[in-house]
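Whenever a hint applies, use it, and build me the whole structure from the sequences.
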Amino acid sequence: DAKTTQPNSMESNEEEPVHLPCNHSTISGTDYIHWYRQLPSQGPEYVIHGLTSNVNNRMASLAIAEDRKSSTLILHRATLRDAAVYYCILGTTDSWGKLQFGAGTQVVVTP
Amino acid sequence: NAGVTQTPKFQVLKTGQSMTLQCAQDMNHNSMYWYRQDPGMGLRLIYYSASEGTTDKGEVPNGYNVSRLNKREFSLRLESAAPSQTSVYFCASRRTEFEQYFGPGTRLTVT
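Residue numbers (the working numbering), protein chains in the order written: chain A, 1 to 111; chain B, 1 to 111.
Calculated directly from the structure, the hints in this document are not laboratory data. All of these numbers come straight from a predicted model, not from anything done at the bench. For each residue, glycine too, the CB sits at the ideal point set by N, CA and C. Please note: incorrect hints may appear among the correct ones.
Selected chain B positions facing chain A (in silico; Cβ < 10 Å) [claimed, not checked]:
1. Q37
2. M41
3. A50
4. G58
5. E97
6. P104
In silico SDA-like cross-links for lysine to any residue, where the CA-CA straight-line distance does not exceed 25 Å [said to hold, decoys possible]:
7. A/K69 x B/S80
8. A/K69 x A/A103
9. A/K98 x B/K14
10. B/K57 x B/R72
11. A/K3 x A/R68
12. A/K98 x B/R44
13. A/K98 x B/Y64
14. A/K98 x B/N62
15. A/K98 x B/N28
16. A/K98 x B/N65
17. A/K69 x A/N13
18. A/K98 x B/G53
19. A/K98 x B/D26
20. A/K98 x B/T5
21. B/K14 x B/R72
22. A/K98 x B/V88
23. A/K3 x B/D56
24. A/K3 x B/D38
25. A/K3 x A/S25
26. A/K69 x B/G53
27. A/K3 x B/L69
28. B/K9 x A/R81
29. A/K98 x B/L69
30. A/K98 x A/H76
31. B/K9 x B/N70
32. B/K9 x A/L39
33. B/K14 x B/G53
34. B/K14 x B/N70
35. B/K71 x B/S84
36. A/K69 x B/G42
37. A/K3 x A/T26
38. B/K57 x A/W96
39. A/K3 x B/G40
40. A/K98 x B/S84
Next up, the structure:
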């Protein structure tokens, strides 16, 4: 299975953008890139997903490198509520939705 | 909509005791999942059910059994609890190929 590499932690000031990198150099052509986040003492929640093109939704943007070996989740204006562990996950549409979580990136937001 | 609900929220068991963790979703999703999360780690898939009447093993199925009672409910049973099963257990259901909704979790301690 293709794996992802993320930094252990990142810090940001409130109302500033946060760029969360993810490396996935062994990604296959059918792997989608998913991002989930987990707030303290809660279950994970879906953030965004993409295949090749950059994607935007109300929560975040996903920038995917042209060779697809890396991607970046962008939180445009961090709030205290964005403090969470962010997981970058690869998966295909024929994997029955099974998600393989790594350790993720702990995002700390400072007022 | 309650989303994904899990009971109980907390449980303490002695080694060798059995218990069933309950999960229900009211979103009419076909696929459901059980994950465990050990301290400081990402989630690992225990079992999943692609549709009513089917179940399959995930990454760490040993020591667990599951039942997909109907489309709404997916239970996880520990027949003989061991200290290594101390963890937080999350149930999830899948809205699309890419979006899973997670419950609030059950914090289980086995002494």
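Violating hint indices (sorted, rising)
7, 9, 17, 21, 26, 27, 30, 33, 34, 35
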